[in-house]
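Next come the chains, spelled out residue by residue.
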Amino acid sequence: MLRLMLAVVAPAVFLGFVALYLHVSLLTLGVVLGKSFFRLAIAYAVSLVLGVAIAVLVGNTKNAGESWIAVFDVAQNIPSFALIPLFVLLMGYSSTMVIVFAATSIIWPIIFSTLNGIRGAHPSLNEAATLFGASGWKRIRYYLLPLSYPAIITGSIVGVAMGWESVIGAEIIGSLSGIGLFLTNASTVGNKTLLFAGLAALLLLVFTINRLIWSPLLKHTYEYSD
Amino acid sequence: MNTAINGISIEGIDYTFVDGKKRIHALSKISFDVGAGEIVALVGPSGSGKSTLLRLCAGLLKPTDGTIHNTFGKKTAMIFQDFALFPWLSVEENIQFGLLMQDVEEKKRQKIAHEAVVEIGLSGFEKVFPKSLSGGMRQRVGVARALAVEPELLLMDEPFSALDSITSDRLKRDLLAVWQKHKFAILIVVHTIADAVELADRIVVFSSHPGSVKKIFKNDLPRPRNMREKPAYDLIDAVTAEIDSTL
Chain S
57 MLRLMLAVVA
67 PAVFLGFVAL
77 YLHVSLLTLG
87 VVLGKSFFRL
97 AIAYAVSLVL
107 GVAIAVLVGN
117 TKNAGESWIA
127 VFDVAQNIPS
137 FALIPLFVLL
147 MGYSSTMVIV
157 FAATSIIWPI
167 IFSTLNGIRG
177 AHPSLNEAAT
187 LFGASGWKRI
197 RYYLLPLSYP
207 AIITGSIVGV
217 AMGWESVIGA
227 EIIGSLSGIG
237 LFLTNASTVG
247 NKTLLFAGLA
257 ALLLLVFTIN
267 RLIWSPLLKH
277 TYEYSD
Chain P
7 MNTAINGISI
17 EGIDYTFVDG
27 KKRIHALSKI
37 SFDVGAGEIV
47 ALVGPSGSGK
57 STLLRLCAGL
67 LKPTDGTIHN
77 TFGKKTAMIF
87 QDFALFPWLS
97 VEENIQFGLL
107 MQDVEEKKRQ
117 KIAHEAVVEI
127 GLSGFEKVFP
137 KSLSGGMRQR
147 VGVARALAVE
157 PELLLMDEPF
167 SALDSITSDR
177 LKRDLLAVWQ
187 KHKFAILIVV
197 HTIADAVELA
207 DRIVVFSSHP
217 GSVKKIFKND
227 LPRPRNMREK
237 PAYDLIDAVT
247 AEIDSTL
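From first to last, the protein sequence lines stand for chains S and P. If you count by this note's numbering, then the first sequence holds residues 57 to 282, one letter each, in order. If you count by this note's numbering, then the second sequence holds residues 7 to 253, one letter each, in order.
For reference, chain S alone in the conformation it holds in the complex (with noise of 0.2 Å):
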């Protein structure tokens, strides 16, 4: 109760004192918050469906991925900065081109830590499922995806906060109206109040996010842990 308090009220404070003292119009900070927190959003969102649908795909055969593990690594090390050209080249500069390049950050560390979630799972368990039935569609309904739930949750956390520096990085390179653009103007035109208005804005949306989501989620995912 206390936490969820503090997540709704500590915002509201901060916003009546950028808006009453620093001059800086809410509805400007909300706009390029809200496109940047879009695109994360739906990025994470194709992430999650995508890298969960792989990595239990993946972790579902026969030696539970050893060989697609070497692949993912490979395209993991990617640099995903040098991707951006390719996207710009693809998808010009708009709003797709930051979720796509949001999406190839996020989606890594929700699929390694999936498929540990797997592949790290007791082999009796494993057994238990297959013995007592667990097959198919099935077997991941009920066996693989409550098992990596934890693990899904944890890699959605790192996915994230990758997600935030790509779509603000993608911003800031695109020249795209978004959080990441706002602080560079600011920043150019020498405006502190801004930058720090901006800032402290993304902050608090981060803060928000924590206390409202991962959180209860990481501490729902304790209970079921052995």
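FYI, nobody ran anything at the bench for these hints, they're computed from the structure. Nothing false has been slipped in among the hints.
Covered stretches of chain P, going by a simulated chain S footprint (3 or more residues, C-beta under 8 Å):
1) 59-73
2) 81-87
3) 106-120
All residues carry an ideal CB built from backbone N, CA and C; glycine is no exception.
We have chain S already, so just place chain P on it with the hints.
Then chain P, alone, in the frame of chain S:
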């Protein structure tokens, strides 16, 4: 060997696996069978492939050579040394797992799970999650999960090894009561010879490198067995001597 029996016939089983770069011959020419309602115990030095044989019988592993003819088919359940409960499911959900996989409808699942809960002494713990249960209670959940699928063959991999002796004795007693009522066949790996003598109709002694059947003891001691009398002691001694001779 008569493959027409109602039970599981293990015929000339060989099992080899690769560990790193080494080929390990785990089992060699294993042959015996377990008839309906019979309890067969596997004893022997560790590393003699007893648990591997159990997994072959469960269909979790494929033999390198030989055949396992299992007329119990899908009516085969297993109890694990480390319980292997699903930590994200409550006690009753764990028990219902096999039924859920068989598409048994919810009402019927609950009814069967409830019966298993009562039978194995888990009443009042239905909604609890495995992590808040003691080892003995967890293994009871493991037993109930197996009972729920109405097995004709129950495979047990050292089910008492992770439990203290008082807990293990109680579970053994309750397990025997359940067996008396349902009369499913049991193939059990135990490391306490006294447990084998108390439970089994036949005791299969394994030797290792590669795992093979050294000798099969028949155990006709009347049930319920008095483990504090000479016939039981004599059999324990004979089995122990046989295992010692393999080392």
